[in-house]
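Throw the hints in and build the complete structure from the sequences for me.
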Amino acid sequence: MPPKLRLDSALSSGELIELAYAKYRLENQSFAARVTELLGTPIEAGFRLLPLGWAATINRIAQQSLLRALRVATGSMQTAPQPASRLKHKFLVAASGGVGGAFGLAGLPFELPLSTTLMLRSIADIARSEGADVSQPEIRLQCLEVFAFGTKREGLDSGQSTYWAVRLSLSQMIRDAALVMTQRELGKNIAAPVTKLLTKIGSRFGVLVSEEVAAKSVPIVGAISGAIINLLFIDHFQTLARGHFVVRRLERKHGTDAVRDAYRWVEARPPNE
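The sequence shown begins at 1 in my numbering and counts up one residue at a time.
A few of these clues could be false.
Each computed BS3-like pair below joins lysine-lysine, with the alpha-carbon atoms no more than 30 Å apart [said to hold, decoys possible]: (1) Lys200 to Lys253; (2) Lys152 to Lys253; (3) Lys152 to Lys196; (4) Lys200 to Lys152.
Cβ-Cβ distance ranges computed for the label pairs, FRET-style [as the list claims (entries may be wrong)]: (5) Asp257 to Glu138: 17 to 23 Å; (6) Pro51 to Arg71: 28 to 34 Å; (7) Trp265 to Leu168: 16 to 22 Å; (8) Trp265 to Pro219: 44 to 50 Å; (9) Leu179 to Asn272: 36 to 42 Å; (10) Ala10 to Pro109: 44 to 50 Å; (11) Thr182 to Gln64: 21 to 27 Å; (12) Arg264 to Pro51: 42 to 48 Å; (13) Thr182 to Leu49: 41 to 47 Å; (14) Phe110 to Leu52: 17 to 23 Å; (15) Gln172 to Pro219: 40 to 46 Å; (16) Ala258 to Gly53: 43 to 49 Å.
It should be emphasised that the hints constitute simulated quantities derived from the structure, not laboratory data. Glycine included, each C-beta is placed from N, C-alpha and C at the ideal position.
This is the structure in structure tokens:
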């Protein structure tokens with residue numbers, strides 16, 4: 001059944017269906033729940049096996065991985081809208097997980113920069129397929145922004161949107177960092193606005209990386225399961241990216257206020273895929 005149209009909505013019935021699918025992708029996905037279903041045991045069991053100081057280590061590696069990905073992942077992307085290819089990037093990320101899964105946290109400094117770069121390329125691919133110009137610094141940073149989605153934000157009421165709250169918290173930082181990136185390349189010395197943005201996104205990305213590492217630390221997980229967990233990891237971010245850039249496409253047509261208002265009242269529904 002199509003969503004009910006409101007007389008004050010600028011979006012068509014078809015666009016509201018797209019928005020309902022996007023809302024489901026952005027608000028109703030849980031990486032931890034999918035991994036728990038795969039392993040048959042909560043990933044908390046893996047957290048108990050991690051060494052002391054693991055959280056700081058993972059956050060540091062996560063931020064370094066985002067910087068490396070930002071430098072190299074989108075540089076060769078074509079700008080003409082084309083269908084996104086999800087399978088190629090999934091295969092490569094799964095392969096890196098098969099190797100990294102055998103080494104656990106010790107393999108993270110080698111595995112995560114590679115897998116993050118591949119995931120960001122896939123996110124940029126999805127953005128391009130939704131009509132975004134990934135040659136523009138602000139669009140590249142909107143791709144990076146996807147790594148901040150997918151975790152609940154503290155202090156929000158149950159009816160509030162985590163997605164829009166995260167976007168609001170990052171919007172000015174993205175504009176500031178994009179301005180710097182239009183003026184110079186990301187060299188060895190990173191400008192303060194870019195560092196600030198990477199730190200903010202990295203802290204949220206680190207939460208999901210921690211869940212991935214914990215899952216791989218469960219004793220039953222070997223190289224094969226590590227590859228499967230990496231498949232779930234990239235699929236999680238591909239799903240978020242599709243939702244995010246559908247919303248962005250609708251914003252380019254109708255404006256942010258109109259889309260955000262429709263997002264509030266439209267009922268999330270799982271895509272028929």
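| Hints violated by the structure (numbers, ascending) | Violated hints: none; all satisfied.
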